[in-house]
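The chain contents come next:
There are 2 protein chains.
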Amino acid sequence: MTGPRYTPLVAALPATVPFIGPETQERARGRPFAARLGANENVFGPSPRAIEAMAQAAREVWMYGDPENHDLRHALAAHHGVGADNVVVGEGIDGLLGYLVRMLIAPGDAVATSEGAYPTFNFHVAGFGGVLHKVPYKGDHEDPDALITRAAETGAKLIYLANPDNPMGSWHDAATIARMIKAVPEGALLVLDEAYVDLAPAGTAPAITPEDPRVIRMRTFSKGYGMAGARVGYAIGSAPLIEGFNKIRNHFGMSRIAQAGALAALADQAWLAEVQTRVAEARDRIAAIVRANGLAPLPSATNFVTIDCGGDGAFARRVLAELIARDIFVRMPFVAPHDRCIRVSAGRAEDLAAFEAALPAALDAARRSAG
Amino acid sequence: MTGPRYTPLVAALPATVPFIGPETQERARGRPFAARLGANENVFGPSPRAIEAMAQAAREVWMYGDPENHDLRHALAAHHGVGADNVVVGEGIDGLLGYLVRMLIAPGDAVATSEGAYPTFNFHVAGFGGVLHKVPYKGDHEDPDALITRAAETGAKLIYLANPDNPMGSWHDAATIARMIKAVPEGALLVLDEAYVDLAPAGTAPAITPEDPRVIRMRTFSKGYGMAGARVGYAIGSAPLIEGFNKIRNHFGMSRIAQAGALAALADQAWLAEVQTRVAEARDRIAAIVRANGLAPLPSATNFVTIDCGGDGAFARRVLAELIARDIFVRMPFVAPHDRCIRVSAGRAEDLAAFEAALPAALDAARRSAG
Numbered sequence: 012m013t014g015p016r017y018t019p020l021v022a023a024l025p026a027t028v029p030f031i032g033p034e035t036q037e038r039a040r041g042r043p044f045a046a047r048l049g050a051n052e053n054v055f056g057p058s059p060r061a062i063e064a065m066a067q068a069a070r071e072v073w074m075y076g077d078p079e080n081h082d083l084r085h086a087l088a089a090h091h092g093v094g095a096d097n098v099v100v101g102e103g104i105d106g107l108l109g110y111l112v113r114m115l116i117a118p119g120d121a122v123a124t125s126e127g128a129y130p131t132f133n134f135h136v137a138g139f140g141g142v143l144h145k146v147p148y149k150g151d152h153e154d155p156d157a158l159i160t161r162a163a164e165t166g167a168k169l170i171y172l173a174n175p176d177n178p179m180g181s182w183h184d185a186a187t188i189a190r191m192i193k194a195v196p197e198g199a200l201l202v203l204d205e206a207y208v209d210l211a212p213a214g215t216a217p218a219i220t221p222e223d224p225r226v227i228r229m230r231t232f233s234k235g236y237g238m239a240g241a242r243v244g245y246a247i248g249s250a251p252l253i254e255g256f257n258k259i260r261n262h263f264g265m266s267r268i269a270q271a272g273a274l275a276a277l278a279d280q281a282w283l284a285e286v287q288t289r290v291a292e293a294r295d296r297i298a299a300i301v302r303a304n305g306l307a308p309l310p311s312a313t314n315f316v317t318i319d320c321g322g323d324g325a326f327a328r329r330v331l332a333e334l335i336a337r338d339i340f341v342r343m344p345f346v347a348p349h350d351r352c353i354r355v356s357a358g359r360a361e362d363l364a365a366f367e368a369a370l371p372a373a374l375d376a377a378r379r380s381a382g
Numbered sequence: 012m013t014g015p016r017y018t019p020l021v022a023a024l025p026a027t028v029p030f031i032g033p034e035t036q037e038r039a040r041g042r043p044f045a046a047r048l049g050a051n052e053n054v055f056g057p058s059p060r061a062i063e064a065m066a067q068a069a070r071e072v073w074m075y076g077d078p079e080n081h082d083l084r085h086a087l088a089a090h091h092g093v094g095a096d097n098v099v100v101g102e103g104i105d106g107l108l109g110y111l112v113r114m115l116i117a118p119g120d121a122v123a124t125s126e127g128a129y130p131t132f133n134f135h136v137a138g139f140g141g142v143l144h145k146v147p148y149k150g151d152h153e154d155p156d157a158l159i160t161r162a163a164e165t166g167a168k169l170i171y172l173a174n175p176d177n178p179m180g181s182w183h184d185a186a187t188i189a190r191m192i193k194a195v196p197e198g199a200l201l202v203l204d205e206a207y208v209d210l211a212p213a214g215t216a217p218a219i220t221p222e223d224p225r226v227i228r229m230r231t232f233s234k235g236y237g238m239a240g241a242r243v244g245y246a247i248g249s250a251p252l253i254e255g256f257n258k259i260r261n262h263f264g265m266s267r268i269a270q271a272g273a274l275a276a277l278a279d280q281a282w283l284a285e286v287q288t289r290v291a292e293a294r295d296r297i298a299a300i301v302r303a304n305g306l307a308p309l310p311s312a313t314n315f316v317t318i319d320c321g322g323d324g325a326f327a328r329r330v331l332a333e334l335i336a337r338d339i340f341v342r343m344p345f346v347a348p349h350d351r352c353i354r355v356s357a358g359r360a361e362d363l364a365a366f367e368a369a370l371p372a373a374l375d376a377a378r379r380s381a382g
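First to last, the protein sequences are chains B and S. Under our numbering, think of the first position of the first sequence as 12, with each following residue one higher. Under our numbering, think of the first position of the second sequence as 12, with each following residue one higher.
Treat the hints with care, as some may be off.
Pairs involving identical chains hold if they fit within one copy or between any two copies, as the list cannot separate such chains.
[Said to hold, decoys possible] In silico SDA-like cross-links for lysine to any residue, where the CA-CA straight-line distance does not exceed 25 Å: (1) Lys145 / Tyr17; (2) Lys193 / Gly14; (3) Lys193 / Pro43.
Simulated from the structure, these hints should not be mistaken for laboratory data.
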C-alpha cells in the first residue's frame with residue numbers, strides 16, 4: 012500500500028507553522044507563562060456586549076452560521092461607507108490571505124513583499140507555488156517605493172504591505188499609502204494589511220475607495236476589538252474581486268458565535284475608544300520600562316512595542332530566551348537587522364509589572380552569557 | 012486599470028455556494044421559518060456543559076486558540092483509541108475536505124464519487140481542477156463496488172463515500188465498509204465521511220485502523236454533538252497523511268470558543284446518548300406523519316428522514332415549495348431519481364407539529380398544481 016498521492020506542489024512543501032503558539036511553549040516548559048505578551052493579543056478584551064452576544068449565540072449554536080455573513084457584512088459596509096458587495100468576511104485575515112493567494116497565484120507566479128514581513132502571507136504564497144520577491148525595509152519601515160519597483164520588475168500579481176507594520180510597529184501616513192496605491196503596476200493587486208489600524212494614529216489609513224481594483228484592504232476583529240480567539244477577519248475591495256472569494260471559500264466556515272460577537276463589538280465603538288486609550292497607556296509604560304533599562308523603544312502605531320536591545324540578533328535572542336525562562340511570553344522579528352529587537356504586546360498593569368520585574372535580570376543574564 | 016489577474020483555474024470557476032442558507036431564504040421571503048428542518052441541524056443542541064464552556068471561553072477570547080488544538084486532539088485520540096498524531100481538527104468537515112482535496116488533487120486529477128452525493132466535496136474538487144467521475148447509487152444506497160471499480164478505471168486519487176449517506180439517510184454496515192477499504196486501489200484514498208455516524212445504529216462504523224493509508228475518516232461536532240454553528244470537524248488517518256495538513260492548513264483557524272465547546276461536548280457522552288434517543292423518537296414521529304399522509308419514509312441512520320413523495324422530481328419540488336411557502340424549511344436531493352424525495356430533519360415536538368400541520372395542504376396544493 013503506497014498510500015495517497017500528493018500533488019507535486021504539496022509533496023514538496025514542509026510541514027510548518029508560521030508561529031508557534033504560547034500553549035505549545037507552555038507544554039514544553041511544563042509551566043504557564045506569567046504574562047502573555049508575545050502574540051499581540053489585546054488583553055483588554057472585547058466589549059462586554061460582544062462577550063454577552065457570544066454567550067447568547069452559544070445557546071443557539073446548533074444552527075449553522077449564515078453562510079453569507081449577511082448582517083455582519085452589512086454592518087461593516089455601513090461602518091466603512093462602502094457597499095455590502097465590497098466586503099467579504101472570513102476566518103481571520105490569515106484565512107482571507109489564503110483564499111486571496113489561491114485566487115491569484117499559480118505555481119511560478121511572482122509576489123512582492125518585504126524581507127521580514129508577515130510570515131503567514133509567505134506561508135500561503137509558498138503553499139500555492141508562488142515565487143516571493145523580497146525587498147529590504149528602509150530603516151524600520153516597509154518601503155513602498157521598493158515594493159512597487161520590485162513588483163514592476165518581476166510582474167508580481169500580488170504586493171503585500173502591512174500598515175501599521177508587524178513586527179516593527181512602524182507606519183506610513185495615509186498620503187504615502189495613497190501614492191503607493193496609485194503606483195501599483197497594471198495587473199497587480201496591493202494587499203494592504205491593516206490588522207493594527209484600529210490602534211494607529213488618525214491619518215494612518217487612506218480613504219477607502221472600494222471600487223479601486225488595485226488594492227484590497229484586510230481588517231480584523233483580533234486586535235483593536237480584542238477577539239483573536241473568535242477568528243473574524245474581513246476584506247474590503249472591488250465588487251468583482253470580493254465576489255471571487257465565493258468561488259472558493261468555505262461558505263459555512265464562519266462560526267455563528269463569532270458572527271454575533273463581531274456584530275456586537277462593531278456596535279460598541281465606545282469600547283474600542285477605551286481600548287485605544289489603554290493600549291496607548293501600555294505603550295508608554297513599556298517605553299518607560301525599557302528606557303529605564305537602557306534600551307530603546309521604537310515608535311509604535313500598534314498594540315505592541317518593538318524594542319531595540321542595542322546589540323545584534325544573537326544578543327536579542329538571548330534576551331528573549333531569558334525573558335521566556337522568567338515566564339514572560341514575548342516574540343521577536345525573524346530577520347536581520349530587525350532581529351536586534353524584541354517585541355512586547357500592550358498588557359495590563361500586572362502584565363507589564365511582571366515584564367518590568369523580569370527584564371533587568373534577563374538583560375544581565377543575556378550580557379553575561381555573551382562574555 | 013485591469014485589476015487583479017486570477018489563475019486560469021479560478022477565472023474559470025463559477026461564483027457559487029453549495030447550499031443556500033435558511034437565513035438567505037428568510038430574507039428573500041421577508042419572514043422567518045416556523046420550523047428549521049432543512050439543514051440537518053441538531054435542534055436538541057449541545058450538552059449544557061458545552062454551552063457553559065463556550066460562554067466561559069468567550070470571556071477569554073482575546074487569546075488566540077491553540078493552533079495545535081492540542082487538548083481537543085488528545086481527547087479525541089483517547090476517545091477513539093488512536094494516537095494524537097492520527098487526528099487533525101479543522102473548520103468543520105467542509106474545511107477539512109477543502110484541505111484534503113488541495114493536498115491530493117491537481118488540475119486534471121481523477122476523483123470518484125456518487126451522482127447526487129455531497130455537493131460541497133464536489134465544490135472543492137472543482138475548485139482545485141479535479142475531474143469528477145460519478146457512479147449512480149444502487150437504489151437508495153451509495154454503491155461501494157461501483158465506486159471502487161470507477162476509481163480503478165480512472166486512476167482516481169480520491170474516492171468519496173458518506174456512511175451514513177446524505178441526502179438519502181441510508182447506510183452500509185461496518186463489514187461492507189471494511190471490505191470497501193480493503194478494495195481501495197493502490198494509490199487511492201477513501202474519504203469516509205462519517206458526519207452522521209454518531210446517530211447511526213451500532214455496527215455502522217468499521218473499526219478504526221488509524222495507520223491504514225487507504226482511508227481517512229471524517230467526523231464532526233455539527234450533528235450528534237449539536238454544534239453546527241461552532242465549526243468543529245476532525246479527521247482520523249495515518250500519521251503521515253494527518254501531518255500533511257500542517258503544510259497548508261490555516262493554523263490559527265480554529266476558534267478558541269469552539270475548541271473549548273467541543274472538548275466539553277466530547278466529555279458528556281450521556282448527553283449524546285440522550286440526543287440519540289430524541290433523534291430516534293423524532294425519526295419515528297416524522298415517519299408516522301408522512302405515512303398518515305400517504306407518503307413513504309425511507310429508513311434512516313441519521314438525524315433526518317428522506318421521504319419518497321410518490322411522484323417525480325417535479326412533484327417533489329412542488330411539495331418542497333409548498334412547505335416552504337407554509338414556513339417549513341426543508342430541502343431535497345438534487346438529482347434523479349432521488350429528487351422524488353424531500354428531506355426533513357429530526358425536530359422537537361413543536362417543529363414536527365408545524366410540519367404535520369403544513370403537510371396535508373402542501374401536498375394538496377402540489378397535486379392541484381400538477382393538474
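Going down the list of hints, with the structure as the test:
no. : hint           : in the structure
1   : Lys145 / Tyr17 : between (29 Å within a copy, 22 Å between copies)
2   : Lys193 / Gly14 : between (50 Å within a copy, 12 Å between copies)
3   : Lys193 / Pro43 : neither (48 Å within a copy, 46 Å between copies)
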